[in-house]
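Given next are the chains, with one letter for each unit.
Number of protein chains: 2
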Amino acid sequence: MGRTLVYPKRSSNTVRRYSQRATYDVRTIHSIINSSQVLHVSFSPGPSDPFPAILPMIGQMGSFEYPSADLGEPLDCYLHGYVSARIMNLARNAEGEGLPVCIAATKVDGLVLALTPFSHSYNYRSAILHGYAKLVTDEEEKLYAMKLITDSVVPGRWDNSRVPPDGGELASTAILKVKVVDGSGKIRDGGVSDERKDKQNEETTARVWTGVVPVWETFGEPIPSAENRVKDVPEYIASHVARSNDRNRTYAVDAVKVEPPKED
Amino acid sequence: MGRTLVYPKRSSNTVRRYSQRATYDVRTIHSIINSSQVLHVSFSPGPSDPFPAILPMIGQMGSFEYPSADLGEPLDCYLHGYVSARIMNLARNAEGEGLPVCIAATKVDGLVLALTPFSHSYNYRSAILHGYAKLVTDEEEKLYAMKLITDSVVPGRWDNSRVPPDGGELASTAILKVKVVDGSGKIRDGGVSDERKDKQNEETTARVWTGVVPVWETFGEPIPSAENRVKDVPEYIASHVARSNDRNRTYAVDAVKVEPPKED
Numbered sequence: 001m002g003r004t005l006v007y008p009k010r011s012s013n014t015v016r017r018y019s020q021r022a023t024y025d026v027r028t029i030h031s032i033i034n035s036s037q038v039l040h041v042s043f044s045p046g047p048s049d050p051f052p053a054i055l056p057m058i059g060q061m062g063s064f065e066y067p068s069a070d071l072g073e074p075l076d077c078y079l080h081g082y083v084s085a086r087i088m089n090l091a092r093n094a095e096g097e098g099l100p101v102c103i104a105a106t107k108v109d110g111l112v113l114a115l116t117p118f119s120h121s122y123n124y125r126s127a128i129l130h131g132y133a134k135l136v137t138d139e140e141e142k143l144y145a146m147k148l149i150t151d152s153v154v155p156g157r158w159d160n161s162r163v164p165p166d167g168g169e170l171a172s173t174a175i176l177k178v179k180v181v182d183g184s185g186k187i188r189d190g191g192v193s194d195e196r197k198d199k200q201n202e203e204t205t206a207r208v209w210t211g212v213v214p215v216w217e218t219f220g221e222p223i224p225s226a227e228n229r230v231k232d233v234p235e236y237i238a239s240h241v242a243r244s245n246d247r248n249r250t251y252a253v254d255a256v257k258v259e260p261p262k263e264d
Numbered sequence: 001m002g003r004t005l006v007y008p009k010r011s012s013n014t015v016r017r018y019s020q021r022a023t024y025d026v027r028t029i030h031s032i033i034n035s036s037q038v039l040h041v042s043f044s045p046g047p048s049d050p051f052p053a054i055l056p057m058i059g060q061m062g063s064f065e066y067p068s069a070d071l072g073e074p075l076d077c078y079l080h081g082y083v084s085a086r087i088m089n090l091a092r093n094a095e096g097e098g099l100p101v102c103i104a105a106t107k108v109d110g111l112v113l114a115l116t117p118f119s120h121s122y123n124y125r126s127a128i129l130h131g132y133a134k135l136v137t138d139e140e141e142k143l144y145a146m147k148l149i150t151d152s153v154v155p156g157r158w159d160n161s162r163v164p165p166d167g168g169e170l171a172s173t174a175i176l177k178v179k180v181v182d183g184s185g186k187i188r189d190g191g192v193s194d195e196r197k198d199k200q201n202e203e204t205t206a207r208v209w210t211g212v213v214p215v216w217e218t219f220g221e222p223i224p225s226a227e228n229r230v231k232d233v234p235e236y237i238a239s240h241v242a243r244s245n246d247r248n249r250t251y252a253v254d255a256v257k258v259e260p261p262k263e264d
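Protein sequence lines, in the order shown, are assigned to chains R and U.
1 is the number of the first residue of the first sequence in UniProt numbering; add one for each residue after it.
1 is the number of the first residue of the second sequence in UniProt numbering; add one for each residue after it.
Since the hints were derived computationally from the structure, they do not count as laboratory data.
Just so it is clear, the structure is predicted and the values come from calculations on it, not from any experiment.
Some hints could be false.
What the hints assert, rightly or not - To list a few chain U residues with every Cβ distance to chain R over 12 Å, as calculated: (1) N34; (2) Q37; (3) L113; (4) D194.
Stated by the list, open to error - Residues of chain R placed beyond 12 Å of chain U at every Cβ, according to the derived structure: (5) R27; (6) S63; (7) E65; (8) G72; (9) P74; (10) N93; (11) K134; (12) D198.
Claimed, not checked - Pairs of lysine to any residue residues, derived as SDA-like cross-links and limited to a Cα-Cα distance of at most 25 Å, are as follows: (13) U:K197 <-> R:V233; (14) R:K134 <-> R:K257; (15) R:K231 <-> U:D254; (16) R:K9 <-> U:D254; (17) U:K199 <-> R:D151; (18) R:K147 <-> U:T204; (19) U:K9 <-> R:P50; (20) R:K147 <-> U:G167; (21) R:K147 <-> U:E203; (22) R:K257 <-> U:V153.
Where a beta carbon is used, it is the ideal one built from N, C-alpha and C, also for glycine.
Just chain R, same shape as in the assembly (with noise of 0.2 Å):
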């Protein structure tokens, strides 16, 4: 290890407001990315179209050629659809390089409550990555997409699932790599940032409660389905969800006492 690479700032991934939060470490820009649930995958439909479209996926970071890479190398994006789906089609009729998206993540850690509505703020971490999205066509590839995404639900899912997909399944999934030109993140955390002006207006002061509530989100206790016939709920989701739990709540709750920047 010892390196750390980074995206290159580009005039598309330049974050310019409060610029002190931004990052452009490619670890954690995937890390981001890798653990939210729902990533926003923004295309143009095309020129008889005005509006740019979105479509909320699922997707994850990874390499088919170096599979051991960890979240701080270069890896591509690998998002899940619908054989059939728009974007689908638009990817594999795109020219050159492939269809130019935009995947955006954001998690809500905590509504961060001032004096005033304009000091007013969320804890945050959100990424974008800019790429060209092309459908995977080798078979092997799409199965490591597969494996990669379902695993990204819940760690161990797939080898726990029947697998492998019989010919139907695989015909009617398509998995989009998108290739990342440039990515960006941006994060907020810390308490409450409020101007001089008002923290020394005792009539404010003593009357606006300040502070954060913080923000996760929380995994409830596994419900089997009707037909399910193992007794009880295998450890790996079990421990996935007490895991995933205890993470989230405890970078909501510690974020909110990281120093705040500066300039806020």
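Starting from the known structure of chain R, fit chain U onto it as the hints suggest.
For chain U alone, kept in the frame of chain R given last:
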């Protein structure tokens, strides 16, 4: 009341995949937008950049002309941002109806774990709006939108903080008003829906646990700032935290009990 408005089906917003899960109901779509803490807003940065852009933003549906309009009525989407953000400059300089944008909101309500990776799914609610964004220039309307958005974070927060914003605060806050052209929503609830060939395979059913892990957003105990001078967490904050946690958990757990659609 008594009438149910729907968004027109156009080529840009018609849901083709799992169309039995689609909704064009105005009230449902507006509810998903308004209960989402972050909206993902997509726009085209211009001809020199091949990639669409996505910005995470805070926003709310509302009507300045008819402030008492409810969620089932035609509403505009107000988005909050910094005055010199790229999207604000693009909207300021946009010709005609405004800057074409796509607004997306997605909530994950559960991990649906089926016998095969192919039949895995999420319970979720998602909404998409297309429309034209313009900067709000009328000060009264700007204040209306700022209150609307602040109160969406914690109801009542506007009146319980230092308001109105001063001249500098108003000048550095920009509000986008999106005139909505079309919208659509998609909702998946219910339990696991496996295919017959897998349900009849005893080796598979004896080995693979199936069910749903409910997922919801939790608000933690409010953490006062070091400089907070109000002794107790005010009732309007405490009750919002309690109500939200109860509503979010109840939705995710109850969603599992809904009968799944025939085609899944």
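These are the hints, each one checked on the structure:
1. N34: Nearest chain R Cβ is 15 Å from N34 (chain U), so the label holds.
2. Q37: Answer for Q37 (chain U): violated, closest chain R Cβ roughly 5 Å.
3. L113: 7 Å, violated
4. D194: 7 Å, violated
5. R27: 21 Å, holds
6. S63: The claim holds: S63 (chain R) sits with its nearest Cβ about 20 Å from chain U, beyond 12 Å.
7. E65: For E65 (chain R), whose nearest Cβ neighbour in chain U is about 23 Å away, the distance exceeds 12 Å, so it holds.
8. G72: For G72 (chain R), whose nearest Cβ neighbour in chain U is about 24 Å away, the distance exceeds 12 Å, so it holds.
9. P74: 18 Å, holds
10. N93: 16 Å, holds
11. K134: 15 Å, holds
12. D198: 6 Å, violated
13. U:K197 <-> R:V233: 23 Å, holds
14. R:K134 <-> R:K257: Distance ~42 Å between K134 (chain R) and K257 (chain R) Cα, so the pair is violated.
15. R:K231 <-> U:D254: 22 Å, holds
16. R:K9 <-> U:D254: 46 Å, violated
17. U:K199 <-> R:D151: The hint holds at about 22 Å.
18. R:K147 <-> U:T204: Answer holds: K147 (chain R) to T204 (chain U) is near 18 Å, not above 25 Å.
19. U:K9 <-> R:P50: 16 Å, holds
20. R:K147 <-> U:G167: Not OK: K147 (chain R) and G167 (chain U) at ~55 Å, beyond 25 Å, violated.
21. R:K147 <-> U:E203: 21 Å, holds
22. R:K257 <-> U:V153: Judged against 25 Å, a Cα distance of about 21 Å means the pair holds.
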